[in-house]
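Peer 1: Here's the letter readout for the chains.
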Amino acid sequence: MSYMKEFTKGLIKENPNMVMLLGMCPTLAVTTMAVNGLGMGLSTTFVLVCSNIVISLLKKVIPSTVRLPCYIVVIAGFVTFVSLMLQAFIPVLYSSLGMFLSLITVNCIILGRAEMFASKNKVLPSALDGLGMGLGFTLTLVIVGSLREIFGAGQWFGITIMPEVIEPMTLFILPAGGFFVLGVVIAVVNRIMKKKPREISCQNCPNAQSCFSGEGCKVNKENGGNA
Amino acid sequence: MELAKNLCIILLTGILTENFVLSKFLGICPFLGVSNKFSSSLGMGAAVTFVMVCASLVTYPIYYGILVPLGIEYLNTIAFILVIAVFVQLVEMVLKKFVPPLYNSLGVYLPLITTNCAVLGVTLLNLTEGYDLLESVVNSFGAGLGFMLAMVIFAGVRGRLAECNIPKALQGAPITLMAASVVSLAFIGFGGVVENIFGA
Numbered sequence: 144m145s146y147m148k149e150f151t152k153g154l155i156k157e158n159p160n161m162v163m164l165l166g167m168c169p170t171l172a173v174t175t176m177a178v179n180g181l182g183m184g185l186s187t188t189f190v191l192v193c194s195n196i197v198i199s200l201l202k203k204v205i206p207s208t209v210r211l212p213c214y215i216v217v218i219a220g221f222v223t224f225v226s227l228m229l230q231a232f233i234p235v236l237y238s239s240l241g242m243f244l245s246l247i248t249v250n251c252i253i254l255g256r257a258e259m260f261a262s263k264n265k266v267l268p269s270a271l272d273g274l275g276m277g278l279g280f281t282l283t284l285v286i287v288g289s290l291r292e293i294f295g296a297g298q299w300f301g302i303t304i305m306p307e308v309i310e311p312m313t314l315f316i317l318p319a320g321g322f323f324v325l326g327v328v329i330a331v332v333n334r335i336m337k338k339k340p341r342e343i344s345c346q347n348c349p350n351a352q353s354c355f356s357g358e359g360c361k362v363n364k365e366n367g368g369n370a
Numbered sequence: 043m044e045l046a047k048n049l050c051i052i053l054l055t056g057i058l059t060e061n062f063v064l065s066k067f068l069g070i071c072p073f074l075g076v077s078n079k080f081s082s083s084l085g086m087g088a089a090v091t092f093v094m095v096c097a098s099l100v101t102y103p104i105y106y107g108i109l110v111p112l113g114i115e116y117l118n119t120i121a122f123i124l125v126i127a128v129f130v131q132l133v134e135m136v137l138k139k140f141v142p143p144l145y146n147s148l149g150v151y152l153p154l155i156t157t158n159c160a161v162l163g164v165t166l167l168n169l170t171e172g173y174d175l176l177e178s179v180v181n182s183f184g185a186g187l188g189f190m191l192a193m194v195i196f197a198g199v200r201g202r203l204a205e206c207n208i209p210k211a212l213q214g215a216p217i218t219l220m221a222a223s224v225v226s227l228a229f230i231g232f233g234g235v236v237e238n239i240f241g242a
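Chains as they are written, first to last, in our numbering: chain G, 144 to 370; chain L, 43 to 242.
You may find that some hints are simply not true.
Stated by the list, open to error - Straight-line Cα separation of at most 25 Å, DSS-like style, residue types lysine-lysine; simulated pairs: (1) K339(G) x K79(L); (2) K265(G) x K152(G); (3) K47(L) x K156(G).
What the hints assert, rightly or not - DEER-style ranges, computed between Cβ atoms: (4) P103(L) x V204(G): 30 to 38 Å; (5) L112(L) x K148(G): 44 to 52 Å; (6) A204(L) x K148(G): 37 to 45 Å; (7) K203(G) x K210(L): 26 to 34 Å; (8) S207(G) x K139(L): 40 to 48 Å; (9) P103(L) x C213(G): 24 to 32 Å.
What the hints contain is simulated information worked out from the structure, not anything from laboratory work. All values derive from a computational prediction rather than experimental measurement. Even glycine gets a Cβ: it sits at the ideal position worked out from N, Cα and C.
Bound-form chain G, shown alone (with noise of 0.2 Å):
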């Protein structure tokens, strides 16, 4: 039964980046299209899955002082992995999320859950928390990018859906469009949960521990507060 709360708390109360705003960049890098948005978030699970199950593996066997660099190092093999597996298999892909693929590796919210539950906790936990919080990072990417297409390019999944007489609003597709879009689904997800108005902030992320020696977290601290 608590196995079954590992899997889902990702999914919607925890949430990685719509409720702790985690991982952005490729939020609104490659929602341009909804299918794009499944790809990524798929590729990202499956590294996130593996990483969590390899790490917890090692978890005794990484020394703590150096964690951060050999956690990076597992990430960024599955990456290559999928890469490669991606070039070949599903090369249409592979070229619409260029260079985003590679990015994976510094994902944050891949080396949160290293750092926060895979070293911690033991394999099975750890690959139903990389599954949930993988989900959740895909279902976010899904609906950005499906509210893009739709909006953007009158399509879903490629296919046309909305009427000839209503033009696309080109803007949806470009990057500002992104942020936008974004922001609109953060303050639905705020309101419907009700949750207390959180700020991209270091002082917020939940990453702070994990950041380079703990110190980036100084940043905010010194100029004197949140946003």
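Please arrange chain L on chain G, whose structure you already have, making use of the hints.
Peer 2: Then chain L, alone, in the frame of chain G:
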């Protein structure tokens, strides 16, 4: 002359039309997280520019000197992220020891930079664009300056936002993202400027 013109195009493109934050979506976390104060946005921008230029200087010989001759180009992500992580730690130690004033102003930002996707992004972009060493350095410098420009402008916008009366659901991250959307919209206005200046 042709070379200088080419380098100017790369530099201005990096700063204005292909702005790293506002049109390529790289380095969003520090852009939204550290831009709440003018001084910290300037410091973060300077630190990122410095690390980007150095990272492209370091990764170029590694890619063309080690990975290509051995035929293991596909390992570039792993190699680059390791090099950047080691390099940032090294810079931190060197600055702390030899240039304490610079360390005091930039040092606090350095730990944030290792996992900043803009730094890894610029080194990978230099490869896909096929730039040589000089072009890579200029491109990284332009990308860093563009990052700094976006941060500084956005710090000003957020200063104004702090005084506004915002609906409750929009407070915090949503309104910040929407403000970023407007700033990004303004940068679309630069489209075509660089081509017009140089007649390219």
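Peer 1: Against each hint, give a clear statement of whether it holds in the structure.
Peer 2: Right, here's what the structure says about each hint:
1. K339(G) x K79(L): holds, 23 Å
2. K265(G) x K152(G): Within the cut-off at roughly 17 Å; holds.
3. K47(L) x K156(G): violated, 53 Å
4. P103(L) x V204(G): 30 to 38 Å: The hinted range 30 to 38 Å holds for P103(L) and V204(G), with Cβ atoms some 33 Å apart.
5. L112(L) x K148(G): 44 to 52 Å: holds, 47 Å
6. A204(L) x K148(G): 37 to 45 Å: holds, 38 Å
7. K203(G) x K210(L): 26 to 34 Å: Once the Cβ atoms are compared, 46 Å apart, the range 26 to 34 Å for K210(L) and K203(G) is violated.
8. S207(G) x K139(L): 40 to 48 Å: violated, 25 Å
9. P103(L) x C213(G): 24 to 32 Å: holds, 25 Å
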